[in-house]
Amino acid sequence: MTTPDAAKPRQTPLHAVHEQLGASMTEFAGWLMPLRYRSETAEHQAVRGRAGLFDLSHMGEILVAGPGAAAALDYALVGQPSSMAPGRARYTMICSADGGVLDDLIVYRLDGEEFLVVANASNTAVVDAALRERADGHDARITDQTDAYALVAIQGPAAAGILGPLTDVALDGVKYYTSHRGTVAGREVLLARTGYTGEDGFELFSRPEDAEHIWRTLSGAGTAAGLVPAGLAARDTLRLEAGMPLYGNELGPDTTPFDAGLGRVVKLDKPGDFVGRAALEAAAQAPPRRVLVGLRGGTRRVPRHGYPVLWDGQPVGTVTSGAPSPTLGVPIAMAYVEPEVADAGAAGTGAGPGRAVPDETGPAGTAGGRLAVDIRGRAEPAVITPLPFYHRTQDRPR
Amino acid sequence: MTVPENLSYTAEHEWVAIDDTVASVGITDFAQQALGDVVYVSVPAPGTAVTAGEPFGEVESTKSVSDLYSPVDGEVIEANAEIDDDPGLVNTDPYGAGWLVKIRMADDPAGLLTPEEYTALTKEAE
Chain E
2 MTTPDAAKPR QTPLHAVHEQ LGASMTEFAG WLMPLRYRSE TAEHQAVRGR
52 AGLFDLSHMG EILVAGPGAA AALDYALVGQ PSSMAPGRAR YTMICSADGG
102 VLDDLIVYRL DGEEFLVVAN ASNTAVVDAA LRERADGHDA RITDQTDAYA
152 LVAIQGPAAA GILGPLTDVA LDGVKYYTSH RGTVAGREVL LARTGYTGED
202 GFELFSRPED AEHIWRTLSG AGTAAGLVPA GLAARDTLRL EAGMPLYGNE
252 LGPDTTPFDA GLGRVVKLDK PGDFVGRAAL EAAAQAPPRR VLVGLRGGTR
302 RVPRHGYPVL WDGQPVGTVT SGAPSPTLGV PIAMAYVEPE VADAGAAGTG
352 AGPGRAVPDE TGPAGTAGGR LAVDIRGRAE PAVITPLPFY HRTQDRPR
Chain D
56 MTVPENLSYT AEHEWVAIDD TVASVGITDF AQQALGDVVY VSVPAPGTAV
106 TAGEPFGEVE STKSVSDLYS PVDGEVIEAN AEIDDDPGLV NTDPYGAGWL
156 VKIRMADDPA GLLTPEEYTA LTKEAE
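Chains as they are written, first to last, in my numbering: chain E, 2 to 399; chain D, 56 to 181.
Honestly, I wouldn't trust all of these hints.
Straight-line alpha carbon distances no greater than 25 Å define the calculated BS3-like cross-link-like pairs of lysine-lysine that follow [what the hints assert, rightly or not]:
| id | chain 1 | residue 1 | chain 2 | residue 2 |
| --- | --- | --- | --- | --- |
| 1 | E | 268 | E | 176 |
| 2 | D | 157 | E | 9 |
| 3 | D | 118 | D | 178 |
| 4 | E | 271 | D | 178 |
Which residues of chain D face chain E? A few of them, derived with a C-beta cut under 7 Å, are [to be verified]:
| id | residue |
| --- | --- |
| 5 | 61 |
| 6 | 92 |
| 7 | 95 |
| 8 | 99 |
| 9 | 176 |
| 10 | 178 |
These are computed hints drawn from the structure, not numbers from a lab.
Built from N, CA and C at the ideal position, the CB exists for glycine as well.
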């Protein structure tokens, strides 16, 4: 018998902090999460200019351990975790047999026989089940440790300066996409130089009971440097500017890594079979069936998930994510479009689907002004823009 | 959340200030808080006829879009020009500088809520 409480969202170990800060909370993947504390635009800009503090305790952490752990993961995932040195982290995906993406993941190799697989909150159960099934026959234990971890992220150009004095890990020696065991504010953490914002930053995996102390210490230490709490709304616009996919938008069971322009995560030349190999080998050989592009909106109205992309008024694709870009000052979006449209947009020519010869040129990406997004019944002009929209070394806002 | 005493309200979270035959309209503090940072507002041009209860524009924020509904019958006589350059006025001053349109009413307004009725409605929405 289910109880009335069964549907209530779970609270993270930092819930009391969010309440105290007056956060607007939202339900996300069965968790009650801070959407924003004040203004999501201000939080976004703080991460770009200084630093932001995020509660990401809803993410899933699955431990894969044992002498056969590396082999099990080589079989279960599209990447090759066996080739990772201890202390390294890698972005990868887990696909189904037809090559469709079940989740995108970061895998941290903790040592020779221990890997921490970090999954999206919405997919943790699916990933856990798939790993168990695929590890069958390997000498590896799969343990869902989500409840054993809290996750606090500090992201932004000031992050290292704020975190440095509070940790026994020498941050200068921490390369991007590596992890180190150590302490922050005297509490044990797995410290990783990873993130989802396009900025330098750190993700701190701790015990749940230590999360509040770690948060408050970072918060206090970071005040002078302009550190602010940042919620899921800012997290989404930051990753969009950085051209990073979101599962459920750019990635899903109907997309392959190749569709999303992320074929690099599929290691077809690793020895041995892996789930999805045949389908992904075929996809790698085949001409692209659609291309993920970046779009800049030509008006202030925002292209949003599901809106049609039009070429000469005809639908040629669909928007996967869209939002106003605080850094660029215009709406930005990602969309799947027909390959010819992506080519025409990139070339800045007027050549459309089915045309071999350009017949007009416009400003780069406009293809003669023929590209638009149907925003709630009105076609608004849009321009194809290379991803990412923002790169921290080139585009830092002044 | 503020609900000024001198205004009338609609169930769609708009405020209405009546001055003789002219109704000034905007969205409430409750609405701007729920929307988040406003990035774009679309309202009809002066001269447009509007009908009570019918959508006549939209307010777009970072995360969402909401329709604006005309609280009265009449004709738009002025749209707030400041909003175009600074849509954030809707967040920072929803009852003042963030006003959206002025409408010359065709008849007496009907069905508007008192501040107390509107406050009660927002409590139900929570």
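Self-check item: In rising order, the numbers of the hints this structure does not comply with
Solution: Violated hints: 2, 4, 5, 8, 9, 10; rest satisfied.
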